[in-house]
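Asks: Sequence:
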Amino acid sequence: MNKNKICGAVMATLFVAGDAVETSVFAQLFDMDDDELDVILQEIIEEKKNREEGLLLTRIGDKLQLCTNPVYGGYIKDLLAPDEHTSLSTSVLETLSIIAYKQPVTRAEIDEIRGVRSNYAISTLREKGLIEVIGRKDVLGRPSLFATTDEFLRHFGIASLEELPKIDFEALEESSQADEDSF
1 MNKNKICGAV
11 MATLFVAGDA
21 VETSVFAQLF
31 DMDDDELDVI
41 LQEIIEEKKN
51 REEGLLLTRI
61 GDKLQLCTNP
71 VYGGYIKDLL
81 APDEHTSLST
91 SVLETLSIIA
101 YKQPVTRAEI
111 DEIRGVRSNY
121 AISTLREKGL
131 IEVIGRKDVL
141 GRPSLFATTD
151 EFLRHFGIAS
161 LEELPKIDFE
171 ALEESSQADE
181 DSF
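Everything in the sequence shown is counted per UniProt numbering, starting at 1 for the first residue and increasing by one.
Hints should not be assumed to be uniformly reliable.
Here are the simulated DSS-like cross-link-like pairs (lysine-lysine), alpha carbons at most 27 Å apart as the crow flies [unchecked claim]:
#	residue 1	residue 2
1	Lys3	Lys63
2	Lys48	Lys5
3	Lys102	Lys77
Label-pair distances were calculated between CB atoms; the ranges are [stated by the list, open to error]:
#	residue 1	residue 2	range
4	Gly157	Lys63	51 to 57 Å
5	Gly8	Asp111	51 to 57 Å
6	Thr58	Arg126	33 to 39 Å
7	Asp111	Arg51	54 to 60 Å
8	Glu53	Arg117	45 to 51 Å
9	Arg126	Gly73	27 to 33 Å
10	Ala12	Ile76	18 to 24 Å
Just so you know, the hints here were simulated from the structure itself, not pulled from any lab data. No experiment lies behind these values; they were computed from the predicted model shown. Even for Gly, the Cβ is constructed at its ideal location relative to N, Cα and C.
Work the whole structure out from these sequences, hints included.
Replies: In structure tokens:
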């Protein structure tokens with residue numbers, strides 16, 4: 001088997017494996033002597049480094065692993081960096097609305113209004129700095145109280161919570177109750 005085929009087979013196998021593989025496995029796969037394969041693998045490793053390829057072969061003890069070339073680390077970091085301006089999902093926006101209008105509010109109160117658990121949405125909003133824990137409610141279990149942050153105001157381009165659109169919660173309750181009664 002020639003060096004190019006060995007290189008292709010090793011790279012493809014390591015890509016699919018997703019982890020390091022012992023060189024002895026490749027020696028058996030190619031029906032080659034360990035020492036003979038080691039010489040070829042070392043040549044491949046050096047050639048890939050010299051050509052500044054994006055993917056490299058790396059030795060880790062008696063194993064081979066596919067890895068990215070550190071030369072391209074900046075590109076990878078930029079691509080995988082979290083986008084601070086990603087849009088918020090409907091469930092996250094719904095949770096944020098409840099917190100904005102009802103603050104300070106507990107997770108249980110949010111869950112009751114939404115009718116579903118809000119753990120993920122609250123976690124996402126805290127991660128983005130749009131809400132924070134401002135204290136504990138003085139009831140059994142002392143649950144956290146959530147409120148919006150200054151980042152929330154900046155994100156939505158408002159100076160204060162008073163600028164939020166007015167909502168007639170009583171009318172919404174009555175409308176919701178009427179819908180339930182019709183079923």
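Asks: Looking back at the numbered hints, which does the structure fail to meet, lowest number first?
Replies: Per hint list: single violation, 3.
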